[in-house]
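S.K.: The primary structure of each chain is shown beneath.
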Amino acid sequence: MSKFVDKGKKETPGISTASLPDIVFMILMFFMVSVSMRQTERKVMVSLPGASEVAKLERKDLTSYIYIGTPTLQYQDLYGTESQIQLNNAFRSIEDIRDFIASERESMSEADRPLMTVSIKADEDTRMGIITDVKQELRRCSALRIMYGARKVNAH
Amino acid sequence: MADISFLMLIFFLMVSTMDKEEGISRRLPVMPPPDMKVEDQKVNRRNIIQVKVNAQDRLFAGNEILDITQLKNKIKEFMTNPQNDPNLPDKEMIFIEGYGDCLVSKGVISLQNDRGTSYSKYIEVQNELIRAVNELRDEWSIANYGKRYSRLNEDQQNIVRKAVPQNISEAEPKDVTKRRR
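Those protein sequences? They're chains A and B, same order as listed.
Position 78 of the first sequence, counting from 1, maps to 78 under the working numbering, and the rest follow consecutively.
Offset between the second sequence (1-based) and the working numbering: plus 156.
Since the hints were made in silico from the structure, they are not lab data.
Think of the CB as a built atom: it goes at the ideal place given N, C-alpha and C, for glycine as much as any other residue.
Some clues are possibly wrong.
Some chain B residues flagged as far from chain A (calculated, every beta-carbon gap over 10 Å) [said to hold, decoys possible]:
1) R183
2) K247
3) S276
4) N283
Derived CB-CB ranges, DEER-like [claimed, not checked]:
5) V186(B) with S109(A): 36 to 42 Å
6) C141(A) with L169(B): 22 to 28 Å
7) D241(B) with E82(A): 44 to 50 Å
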């Protein structure tokens with residue numbers, strides 16, 4: 001009549017891993033949505049200068065990037081250690097900026113073109129000479145909205 | 157299943173970037189047509205402060221050599237002109253929609269640099285100039301609305317932007333450091 005007799009030793013059941021795929025999938029989805037793909041391979045070394053009054057870029061899709069800095073080690077024997085300009089995936093000169101801006105403009109819709117921003121990402125050790133040249137060329141192409149890339153530091 | 161998902165997760169972590177896009181926004185002046193002669197804009201001498209950075213990264217503002225830490229207060233004094241000094245900029249009564257008449261400084265900051273100036277110094281100076289204007293905007297907002305500029309709504313921010321303008325002009329490039337030959 002003993003219905004509630006202890007049958008042998010009790011074992012603690014293991015944690016079920018059935019929900020693990022769901023959790024991992026969720027993290028995966030989060031990353032896929034929140035990050036942007038690396039579009040270009042950096043061929044110049046850029047460490048951005050610090051600034052406290054930085055503003056966020058509003059429209060990433062309407063932004064073209066100009067990288068300025070010394071070439072990375074693997075390109076130094078070809079291009080030297082002087083500051084170089086990188087547009088898209090290659091080293092370019094000042095004169096190529098015009099074509100670059102034109103092609104970037106072409107790829108945007110008519111309504112978005114006035115909102116186009118050029119983000120200048122220059123290394124902090126660059127001399128202003130090359131940056132002034134770039135700025136003058138951008139003015140000539142009437143790409144007037146620019147942004148000097150900087151990283152946020154707190155005010156001293 | 158979990159293994160495959162993990163693999164994809166690792167893949168996405170490797171190929172993606174998380175860097176935030178931040179920086180100092182500027183608007184370049186329109187390029188004058190080549191056949192037009194460059195005329196000096198008729199800005200009264202008292203209304204313009206020249207900030208120059210030479211090739212040795214030394215700073216020169218309003219006829220004196222300054223340290224970067226002094227620049228912000230210099231600009232704030234220039235833009236507000238508290239004692240109505242005749243050597244500092246004029247103020248103008250402007251009607252701002254939604255606010256009313258307001259005294260607005262006519263001061264313009266002209267930033268000049270040399271080809272040999274380092275980019276980090278240039279950004280540092282730009283940053284100090286913007287910081288001075290931002291602090292003035294904050295002060296104006298607190299005096300008039302009792303809140304900081306960043307907490308105001310969009311219409312109020314527009315009013316503040318008109319009342320405390322950010323007139324920073326990047327001059328045509330020229331040789332600031334005179335070299336002896």
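S.K.: Give a verdict on every hint.
M.R.: Going down the list of hints, with the structure as the test:
| no. | hint | in the structure |
| --- | --- | --- |
| 1 | R183 | 6 Å, violated |
| 2 | K247 | 25 Å, holds |
| 3 | S276 | 4 Å, violated |
| 4 | N283 | 4 Å, violated |
| 5 | V186(B) with S109(A): 36 to 42 Å | 23 Å, violated |
| 6 | C141(A) with L169(B): 22 to 28 Å | 37 Å, violated |
| 7 | D241(B) with E82(A): 44 to 50 Å | 47 Å, holds |
In summary, the structure is inconsistent with hints 1, 3, 4, 5, 6 from the numbered list given earlier, while agreeing with the others.
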